[in-house]
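Colleague: Make a model of the complete structure from these sequences and hints.
Protein chains in written order, with my numbering: chain A, 1 to 289; chain B, 1 to 289; chain C, 1 to 289; chain D, 1 to 289.
You may find that some hints are simply not true.
Said to hold, decoys possible - Just a few of them, taken from the derived set where beta-carbon distance is under 10 Å, the chain B residues facing chain A:
(1) Gln-33
(2) Gly-70
(3) Ala-72
(4) Glu-80
(5) Val-116
(6) Ser-138
(7) Tyr-177
(8) Leu-178
Think of the hints as simulated: they come from the structure by calculation, not from any bench.
Glycine residues also receive a C-beta, built at the ideal position from the N, C-alpha and C atoms.
There are 4 protein chains.
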Amino acid sequence: MRYYQLREDGTPRLAVQTADGLFDLTAAKDRLQTLEDLFCAADITDRSIDDVTDDLLEDAVPLDAEVADGDALAAPVSSEIWAAGVTYRISEEARQAESDTPDMYIDVYESDRPEVFFKATPERTVDPEEPVGIRADSEWDVPEPELGVVLSDGDIVGYTVGNDMSSRSIEGENPLYLPQAKVYDKCCSIGPCVRSADSIEDPHDLEMWMTISRDGEVLYDDATNTGKMVRSVEELVDCYTAHNAVPDVAVLLTGTSLVPDESFTLEEGDEIEIGLEGIGTLSNTVVEV
Amino acid sequence: MRYYQLREDGTPRLAVQTADGLFDLTAAKDRLQTLEDLFCAADITDRSIDDVTDDLLEDAVPLDAEVADGDALAAPVSSEIWAAGVTYRISEEARQAESDTPDMYIDVYESDRPEVFFKATPERTVDPEEPVGIRADSEWDVPEPELGVVLSDGDIVGYTVGNDMSSRSIEGENPLYLPQAKVYDKCCSIGPCVRSADSIEDPHDLEMWMTISRDGEVLYDDATNTGKMVRSVEELVDCYTAHNAVPDVAVLLTGTSLVPDESFTLEEGDEIEIGLEGIGTLSNTVVEV
Amino acid sequence: MRYYQLREDGTPRLAVQTADGLFDLTAAKDRLQTLEDLFCAADITDRSIDDVTDDLLEDAVPLDAEVADGDALAAPVSSEIWAAGVTYRISEEARQAESDTPDMYIDVYESDRPEVFFKATPERTVDPEEPVGIRADSEWDVPEPELGVVLSDGDIVGYTVGNDMSSRSIEGENPLYLPQAKVYDKCCSIGPCVRSADSIEDPHDLEMWMTISRDGEVLYDDATNTGKMVRSVEELVDCYTAHNAVPDVAVLLTGTSLVPDESFTLEEGDEIEIGLEGIGTLSNTVVEV
Amino acid sequence: MRYYQLREDGTPRLAVQTADGLFDLTAAKDRLQTLEDLFCAADITDRSIDDVTDDLLEDAVPLDAEVADGDALAAPVSSEIWAAGVTYRISEEARQAESDTPDMYIDVYESDRPEVFFKATPERTVDPEEPVGIRADSEWDVPEPELGVVLSDGDIVGYTVGNDMSSRSIEGENPLYLPQAKVYDKCCSIGPCVRSADSIEDPHDLEMWMTISRDGEVLYDDATNTGKMVRSVEELVDCYTAHNAVPDVAVLLTGTSLVPDESFTLEEGDEIEIGLEGIGTLSNTVVEV
Numbered sequence: 001m002r003y004y005q006l007r008e009d010g011t012p013r014l015a016v017q018t019a020d021g022l023f024d025l026t027a028a029k030d031r032l033q034t035l036e037d038l039f040c041a042a043d044i045t046d047r048s049i050d051d052v053t054d055d056l057l058e059d060a061v062p063l064d065a066e067v068a069d070g071d072a073l074a075a076p077v078s079s080e081i082w083a084a085g086v087t088y089r090i091s092e093e094a095r096q097a098e099s100d101t102p103d104m105y106i107d108v109y110e111s112d113r114p115e116v117f118f119k120a121t122p123e124r125t126v127d128p129e130e131p132v133g134i135r136a137d138s139e140w141d142v143p144e145p146e147l148g149v150v151l152s153d154g155d156i157v158g159y160t161v162g163n164d165m166s167s168r169s170i171e172g173e174n175p176l177y178l179p180q181a182k183v184y185d186k187c188c189s190i191g192p193c194v195r196s197a198d199s200i201e202d203p204h205d206l207e208m209w210m211t212i213s214r215d216g217e218v219l220y221d222d223a224t225n226t227g228k229m230v231r232s233v234e235e236l237v238d239c240y241t242a243h244n245a246v247p248d249v250a251v252l253l254t255g256t257s258l259v260p261d262e263s264f265t266l267e268e269g270d271e272i273e274i275g276l277e278g279i280g281t282l283s284n285t286v287v288e289v
Numbered sequence: 001m002r003y004y005q006l007r008e009d010g011t012p013r014l015a016v017q018t019a020d021g022l023f024d025l026t027a028a029k030d031r032l033q034t035l036e037d038l039f040c041a042a043d044i045t046d047r048s049i050d051d052v053t054d055d056l057l058e059d060a061v062p063l064d065a066e067v068a069d070g071d072a073l074a075a076p077v078s079s080e081i082w083a084a085g086v087t088y089r090i091s092e093e094a095r096q097a098e099s100d101t102p103d104m105y106i107d108v109y110e111s112d113r114p115e116v117f118f119k120a121t122p123e124r125t126v127d128p129e130e131p132v133g134i135r136a137d138s139e140w141d142v143p144e145p146e147l148g149v150v151l152s153d154g155d156i157v158g159y160t161v162g163n164d165m166s167s168r169s170i171e172g173e174n175p176l177y178l179p180q181a182k183v184y185d186k187c188c189s190i191g192p193c194v195r196s197a198d199s200i201e202d203p204h205d206l207e208m209w210m211t212i213s214r215d216g217e218v219l220y221d222d223a224t225n226t227g228k229m230v231r232s233v234e235e236l237v238d239c240y241t242a243h244n245a246v247p248d249v250a251v252l253l254t255g256t257s258l259v260p261d262e263s264f265t266l267e268e269g270d271e272i273e274i275g276l277e278g279i280g281t282l283s284n285t286v287v288e289v
Numbered sequence: 001m002r003y004y005q006l007r008e009d010g011t012p013r014l015a016v017q018t019a020d021g022l023f024d025l026t027a028a029k030d031r032l033q034t035l036e037d038l039f040c041a042a043d044i045t046d047r048s049i050d051d052v053t054d055d056l057l058e059d060a061v062p063l064d065a066e067v068a069d070g071d072a073l074a075a076p077v078s079s080e081i082w083a084a085g086v087t088y089r090i091s092e093e094a095r096q097a098e099s100d101t102p103d104m105y106i107d108v109y110e111s112d113r114p115e116v117f118f119k120a121t122p123e124r125t126v127d128p129e130e131p132v133g134i135r136a137d138s139e140w141d142v143p144e145p146e147l148g149v150v151l152s153d154g155d156i157v158g159y160t161v162g163n164d165m166s167s168r169s170i171e172g173e174n175p176l177y178l179p180q181a182k183v184y185d186k187c188c189s190i191g192p193c194v195r196s197a198d199s200i201e202d203p204h205d206l207e208m209w210m211t212i213s214r215d216g217e218v219l220y221d222d223a224t225n226t227g228k229m230v231r232s233v234e235e236l237v238d239c240y241t242a243h244n245a246v247p248d249v250a251v252l253l254t255g256t257s258l259v260p261d262e263s264f265t266l267e268e269g270d271e272i273e274i275g276l277e278g279i280g281t282l283s284n285t286v287v288e289v
Numbered sequence: 001m002r003y004y005q006l007r008e009d010g011t012p013r014l015a016v017q018t019a020d021g022l023f024d025l026t027a028a029k030d031r032l033q034t035l036e037d038l039f040c041a042a043d044i045t046d047r048s049i050d051d052v053t054d055d056l057l058e059d060a061v062p063l064d065a066e067v068a069d070g071d072a073l074a075a076p077v078s079s080e081i082w083a084a085g086v087t088y089r090i091s092e093e094a095r096q097a098e099s100d101t102p103d104m105y106i107d108v109y110e111s112d113r114p115e116v117f118f119k120a121t122p123e124r125t126v127d128p129e130e131p132v133g134i135r136a137d138s139e140w141d142v143p144e145p146e147l148g149v150v151l152s153d154g155d156i157v158g159y160t161v162g163n164d165m166s167s168r169s170i171e172g173e174n175p176l177y178l179p180q181a182k183v184y185d186k187c188c189s190i191g192p193c194v195r196s197a198d199s200i201e202d203p204h205d206l207e208m209w210m211t212i213s214r215d216g217e218v219l220y221d222d223a224t225n226t227g228k229m230v231r232s233v234e235e236l237v238d239c240y241t242a243h244n245a246v247p248d249v250a251v252l253l254t255g256t257s258l259v260p261d262e263s264f265t266l267e268e269g270d271e272i273e274i275g276l277e278g279i280g281t282l283s284n285t286v287v288e289v
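Modeller: Written out as structure tokens, the structure reads:
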């Protein structure tokens, strides 16, 4: 099942997309207003989120499917977001081009330890359809389309689409500037929904694509498959959660393989669409921050 | 003035140390329970925190000075913490010893852009007297004593003492692992108080010292002065706040210059004391996480 | 000055009406989002709310005056509401007509102790322009237009307009049913603004009027003056706050003198307008609950 | 099962008493910190609270039984509390003695509509072992021992013991003063636990007793049975929840039948113990407010 967080006039509502349509779960249970509420109830009762939802569908109210594309759509969870890097082969080459010290990227491949880093607070994460940011002091800015793993109490409960906005010029100048290239105003977006882990057959075999348009013209359009990851989702999650204080709900983005080439940089007003097979398409425009 | 956050049975109280003693400000105003409350009132009324406090002292209740050392002492603010690196000369040499790619550290000195990074969430920050963490998967762990700048609405309103716990073995293995070396369970502590910016004559001329003891024996004892910083506090704050979504209250640690040599690593039970002239002494024990 | 609480897409903003127009105070200070924030800052700094506001007007952003009438208008404070009864002569006669035991109402006049009662939680209080409720199990329902006193830390800081919805049939059946006649779903509304106490010359000399319309026809239209109160505002506040646990912000409605006669009862869809000289007009429709 | 809310250093923990002892449920599930959390998970998954708990007992940690009597004991829920009056025959006689207008009490018996009223906010409710209040402006003060019904989403999920503190002198002076006699600082206490509705065979057949001691001497000691109620628990709950905006969790006290005679009034320092068969004993001292 796919879960959408709606928010109208500030009031949150949880909706679920099943084979039969889109349903308002908050209408079935007043207390079920956010995906976090569902995660919490499922955790305490040791059930899967889809299992809990199944029992509620009878009382849920059908919604127009387009609600899930509209203004009311919010980020599916409001949580700390981490990300992994150097997890796809293609990304390695791109990074070599950008950095004067490429060896460290190659070393990450060859090491047992993945690269994971703090990516965003909820306040720095924008809703679907909202503008993501490019730093005014950066010259080379790209979106990084990524499969997002959604964790409840440290366990994988779902998947989402993530946009890990990055300043390649700042990161490329010095690897010690990576946090500035990654963590800034409006640096991340996730959505449009969370697909339950139970309903994803294999997270390591999902088509992923990205298009970037400017003034109606497509400037970038490419696709890959999460099967090209050189780390497993579980391995990345283990690295994030080990020795860490992981909040009840958290998101880990798993790295990118779709990278516009060096001649491209984002500009204000650009439109980014990131799609993941079986999950959905995350759309954002671009604003300078 | 120096502000202490007390917390007894979960109830917060704000105390202030003046030349005349320690006073309970919450006794003067019920609504003034945290330093954040004081920052907020001062911000909205465009006054300094000391100025607001001055008017409240008449109704504040004297407290035993030892309260500010006891169990009731909490981190002075509960906020996002960032840190800066490579800001003292001595630190550079230490880093060269630890890393196979030392050039990047030298580059930071020569660059206009400082190194700032996301250090800790409130949940990863421990109170004074509480144990800070060393990662079980790390072999070389050190505290980093630092001057902490306290920001309200992006402006410098005070200073505190910070312990930026670091795994030098993980950071040294690959600079891309820096976030794992820095952001983990119990990775930070600040305190014991916040000294108002107005009452610090020059933050760039403060004695700073650290002692580390094990089983009653002092293993490390050294001192420096914040005057040895090669960046100004304002410059580091500018770097943190630019293009960023800084919360109402935030802390920026300004880098370290006191580094135990390579033969030393922290162990469970060690006692760390970090002192800053005119502010106070932050004490923590060590626990493996 | 008159303070309006706006709420767009769930985000609160505080606006103030001065002689020069309507201004967005949140634009001047991010942290000043609600009237409660202003009360808090004024309380901690021992200043009046108008005094704090005066200093902020330079940075406040002008708003269209009609904003204060629109969808974005919220109840000016979100707090516990109490009300007083039997405070106007006219109300006494009306009550005698309704009750089989009228002596108790007369006794309230002759007693030192006023009648004050718990009226509404924030969850039972509706915003201006939103529908107030009439109980489905009640036959005789009326609005009670009242001057509302706004308290911060127990002190009078402003005035608002209140609608103390009442089931006269339930109250009339037995005085022990008073709480059921008074405290129920959507039983109260306050607004449209709070006028600062400093800018009200005499709360005991304010014209108060009410009109009730159905299908465009005015069914009730009458006026009175708060000067007809037989208790002072201070006396009623003292009665409410004595021996009580009054929250930081609270509202006390001071009783009614405008009562539709026995032949009138509210119906779904009716429109109620309650005006108070120098404060504003509170409008609500009616819905059965 | 019986649920205890513990709170140590401000951190809440939920414990359950089964036939096998007292167990820490928060140790089994981090997110299960309050009884409200359990109610919420049970509501969303349409299970009983005992059923959810059963599955968690395997991972729960045994606690010393005395924990449930100690300082860490908090009110079992933090919610709006309503109360019912005139629900026991004995109470009627007592009320006739106190009031000049006793007919209204008799009328309540003969009417379909029970008397229910707003009793307390969480801020006016004290924990077990904490002092309840008597108003300094009252001459005749008594505790009212009552069976408390605990509601989740309007449904009965458990029972607790309640102390509905009352000023009989203020109530007796005029029935319109009832709210002042009932709603004031520290006017209520509930606890020590909530017994699940599923494990109470018949709430209308529970022994209830109260003792009041002063300086070690028992001044009042009497017992009754909830079977002497003239209304059913369901009837009272229906009256409270109809046409009302009932919060997710709420408590309804069901009236008293144990009343010290007219010669007795509470004094500061008195100790009150209220017991209910199968639930527990709620102890409070007395303080003037």
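Colleague: Each hint should be assessed against the structure and marked as holding or not.
Modeller: Now the hints, each set against the structure:
1. Gln-33: violated (23 Å)
2. Gly-70: violated (25 Å)
3. Ala-72: Given a least distance of 23 Å, the restraint on B/Ala-72 is violated.
4. Glu-80: holds (7 Å)
5. Val-116: With a minimum Cβ separation of about 6 Å from chain A (threshold 10 Å), the hint on B/Val-116 holds.
6. Ser-138: holds (8 Å)
7. Tyr-177: holds (6 Å)
8. Leu-178: holds (7 Å)
When the structure is compared with the earlier hints, violations turn up for hints 1, 2, 3 and for no others.
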